[in-house]
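Visitor: Produce the complete structure using the sequences and hints provided.
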Amino acid sequence: MARAGRANFRFDKIVLLVCAIVSLILLVLPMPVREPIAGALRRTLLAPAVVLQEHAELSRRAFLAHDTLMRGRDSVALQVMDAKGLTAENQRLRDLLGLGSRLRWGFVPAEALHGRGVRDESSVTLSAGANAGVQRLSPVIAPEGLVGIVDNVDPTMSHALLWTNPDFRVSAMSEDGTAFGIVQAHVESGPGKYLLEMRGVPFRTSVKPNTMIVSSGLGGTYPRGIPVGCFIGETKTTETWARTYLIRPAVFPADVSSVMILKPERASEGVNNVWATGAAADSGTHKIVVAGDSMARAAGLAEAHARQVAQDSIARLDSVRAGNGFGGAAPGATVPRDTSRHAPRPATPGVPPGTTPNAAPRTAPRTAPAKRDSTGLPTTL
Amino acid sequence: MTLAALGRAVLTFLVLVLLHYTLRPLLGWRAPIDFLLLAVITASVRLRPAGGAILGFIIGLIADALNPASMGAGALGMSVVGYSAAWLKAVFFAESLPLNALFFFVGKWVFDIIYFAAEHRLQGVELVQQLILWSPLSAAATAVAGVLVLLLLRPFFESSTT
Numbered sequence: 014m015a016r017a018g019r020a021n022f023r024f025d026k027i028v029l030l031v032c033a034i035v036s037l038i039l040l041v042l043p044m045p046v047r048e049p050i051a052g053a054l055r056r057t058l059l060a061p062a063v064v065l066q067e068h069a070e071l072s073r074r075a076f077l078a079h080d081t082l083m084r085g086r087d088s089v090a091l092q093v094m095d096a097k098g099l100t101a102e103n104q105r106l107r108d109l110l111g112l113g114s115r116l117r118w119g120f121v122p123a124e125a126l127h128g129r130g131v132r133d134e135s136s137v138t139l140s141a142g143a144n145a146g147v148q149r150l151s152p153v154i155a156p157e158g159l160v161g162i163v164d165n166v167d168p169t170m171s172h173a174l175l176w177t178n179p180d181f182r183v184s185a186m187s188e189d190g191t192a193f194g195i196v197q198a199h200v201e202s203g204p205g206k207y208l209l210e211m212r213g214v215p216f217r218t219s220v221k222p223n224t225m226i227v228s229s230g231l232g233g234t235y236p237r238g239i240p241v242g243c244f245i246g247e248t249k250t251t252e253t254w255a256r257t258y259l260i261r262p263a264v265f266p267a268d269v270s271s272v273m274i275l276k277p278e279r280a281s282e283g284v285n286n287v288w289a290t291g292a293a294a295d296s297g298t299h300k301i302v303v304a305g306d307s308m309a310r311a312a313g314l315a316e317a318h319a320r321q322v323a324q325d326s327i328a329r330l331d332s333v334r335a336g337n338g339f340g341g342a343a344p345g346a347t348v349p350r351d352t353s354r355h356a357p358r359p360a361t362p363g364v365p366p367g368t369t370p371n372a373a374p375r376t377a378p379r380t381a382p383a384k385r386d387s388t389g390l391p392t393t394l
Numbered sequence: 093m094t095l096a097a098l099g100r101a102v103l104t105f106l107v108l109v110l111l112h113y114t115l116r117p118l119l120g121w122r123a124p125i126d127f128l129l130l131a132v133i134t135a136s137v138r139l140r141p142a143g144g145a146i147l148g149f150i151i152g153l154i155a156d157a158l159n160p161a162s163m164g165a166g167a168l169g170m171s172v173v174g175y176s177a178a179w180l181k182a183v184f185f186a187e188s189l190p191l192n193a194l195f196f197f198v199g200k201w202v203f204d205i206i207y208f209a210a211e212h213r214l215q216g217v218e219l220v221q222q223l224i225l226w227s228p229l230s231a232a233a234t235a236v237a238g239v240l241v242l243l244l245l246r247p248f249f250e251s252s253t254t
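Here the protein sequences line up with chains A and B, keeping their order.
Under this note's numbering, the first residue of the first sequence carries the number 14, and numbering increases by one thereafter.
Under this note's numbering, the first residue of the second sequence carries the number 93, and numbering increases by one thereafter.
The set of hints was computed from the structure by calculation and includes no laboratory data.
Beta carbons: idealized from backbone N, C-alpha and C, even for Gly.
Warning: the hint list may mix true and false statements.
[Said to hold, decoys possible] If you want the footprint, here are the derived chain B segments under chain A, 3+ residues with CB under 8 Å:
no.	stretch
1	94-107
2	140-148
[Stated by the list, open to error] Listed below are several chain A residues computed to face chain B (Cβ distance under 8 Å; list not exhaustive):
no.	residue
3	PHE24
4	VAL28
5	SER36
6	PRO43
7	MET44
8	GLU48
9	LEU65
10	ALA69
11	GLU70
12	ARG73
13	LEU106
14	LEU109
15	LEU112
16	ARG320
Guide: Right, here's the structure in full:
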């Protein structure tokens, strides 16, 4: 029993020794010999394990990359949100530049600084003051239209009343000039808070929906033609002698960030053609059509006059000819009108003058009257 | 060993090998759990030392195929560990979890010492750092995992003994 145990123990040690020797031989084998052995093991016994390990490592990478990807996605989302704001701001600045190029002169660009903390939506502080040429009662405008008016001027900044201020007034008219009135803030809580109303419009005057309301220029503070808003509808008031219209403002207080302050000399000069509106285009088209009609009418009159003159001259010519020899004919007799067509032909050898070769001699005088043109005028007088 | 016990041992061995190529890369620890070593040890304790040595050699050789530059180092280490596990199990016949944990810890550390010494890839400070710092950490993680495996599989193995 003990001998068998010793034999087994010796066998175990021999096996271990063999394994160790084989392992050491593998370690010292050159790489070109080891690589085929390793490759064969990888392709056979180890292949499923390699696939499992590959999937596990991919899963781990995906798990680790998840947070990074989420952070990246959030960053991109934030950048997209910023990009929208930047796009809107860029568009607004482009509009402002366009307004500046149309105004050409007499304005002061300024930044509108809102008092956001106290929800002051009826006034705004402007970043330009007397040093830049701003004066009190200067109109404040934006690319969309009228914003307000400067009510207080400091050397480096100024204060302006927005149209939402209850004290704000502007003389306005419909763009076609049919309705005039005074525009002021529509004092109401709720959805109608940010609307304007046009008061004092004569009762006989009606305004079509979506008509643009612009400043009328009356009073001298605001030049004529600054968009104030768009007509929405009529509102009922206690006044029975005049209409009051609700107007959707052209500029909303929240959108006011960069504005322009018109200098007094520019305001007195006017802002014609600075805001191109649809009504102006319609008016231009109407004028072109009217001008075309006038030209067509004038051309028709000229043609009729020319035709009358031609008739008179023909009648005068025929009467003159009748007086020179053909006048003895009795009325109603046929008269050859244009004898110049029958001038003598050059002499042909063998043919006597006045005869046509191979033609029968005329035996009877021409009796049918010769027609002159297609005017249909009578050939006998 | 009955056929059922052999089947359970083989199943445990395959599960541990599977974990080595799935859970270990998924965890990606700097001091990884060596499920392959756990598989060799848990199988070797049911074999004779010669069987443990051969099993360790085969498993080590297959694992070395992924790194031909050190081919043979893993086989040598696993052979020694497999042989030692079978021999020590025969000597001590330990059943306590702490002793098994120590068994796994020492086995992993010894394997790493043999492996890195035979591989000749790390030298000097790097080798010392590996053998004194990372190998014990890896051995500790392997020991913990081994104990957890034993705890989970204890009902499995006890049913085989009853």
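Visitor: Each hint should be assessed against the structure and marked as holding or not.
Guide: Going down the list of hints, with the structure as the test:
Beta-carbon proximity to chain A at under 8 Å applies to 0 residues in the stretch 94-107 of chain B; the threshold of 3 is not reached and the given coverage is violated. Check result for the stretch 140-148 of chain B against chain A: holds, 6 residues qualifying (beta carbon to beta carbon below 8 Å, three or more required). Taking 8 Å as the C-beta cut-off, the interface hint given for A:PHE24 holds, the closest approach to chain B being about 6 Å. Evaluation of the A:VAL28 hint against chain B yields a held restraint, the C-beta minimum of about 4 Å falling below 8 Å.
A distance limit of 8 Å between C-beta atoms decides the matter here; for A:SER36 the minimum to chain B is near 4 Å, and the interface restraint holds. Hint on A:PRO43 is violated. Least Cβ distance to chain B is approximately 11 Å, over the 8 Å limit. At its closest, the beta carbon of A:MET44 sits 7 Å from a beta carbon of chain B; the interface hint therefore holds under the 8 Å criterion. The closest approach between the C-beta of A:GLU48 and any C-beta of chain B is roughly 5 Å, which is under the 8 Å cut-off, so the hint is satisfied.
Taking 8 Å as the C-beta contact cut-off toward chain B, the hint placing A:LEU65 at the interface holds, the least distance being around 4 Å. At its closest, the beta carbon of A:ALA69 sits 4 Å from a beta carbon of chain B; the interface hint therefore holds under the 8 Å criterion. The beta carbon of A:GLU70 comes within 5 Å of a beta carbon in chain B, closer than 8 Å, and the hint placing it at the interface holds. Satisfaction of the interface hint for A:ARG73 is found here, the shortest Cβ-Cβ separation to chain B being roughly 5 Å, below the 8 Å cut-off.
Because the beta carbon of A:LEU106 sits about 51 Å from the nearest beta carbon in chain B, more than 8 Å, this interface hint is broken. Because the closest C-beta pair between A:LEU109 and chain B is about 56 Å apart, greater than 8 Å, the hint is violated. Annotation: A:LEU112 was flagged as interfacial toward chain B, and the flag is violated, the nearest CB pair being 61 Å apart, outside 8 Å. A cut of 8 Å between beta carbons decides the hint on A:ARG320: the least distance to chain B is about 104 Å, and the hint is violated.
In summary, the numbered hints that this structure violates are 1, 6, 13, 14, 15, 16.
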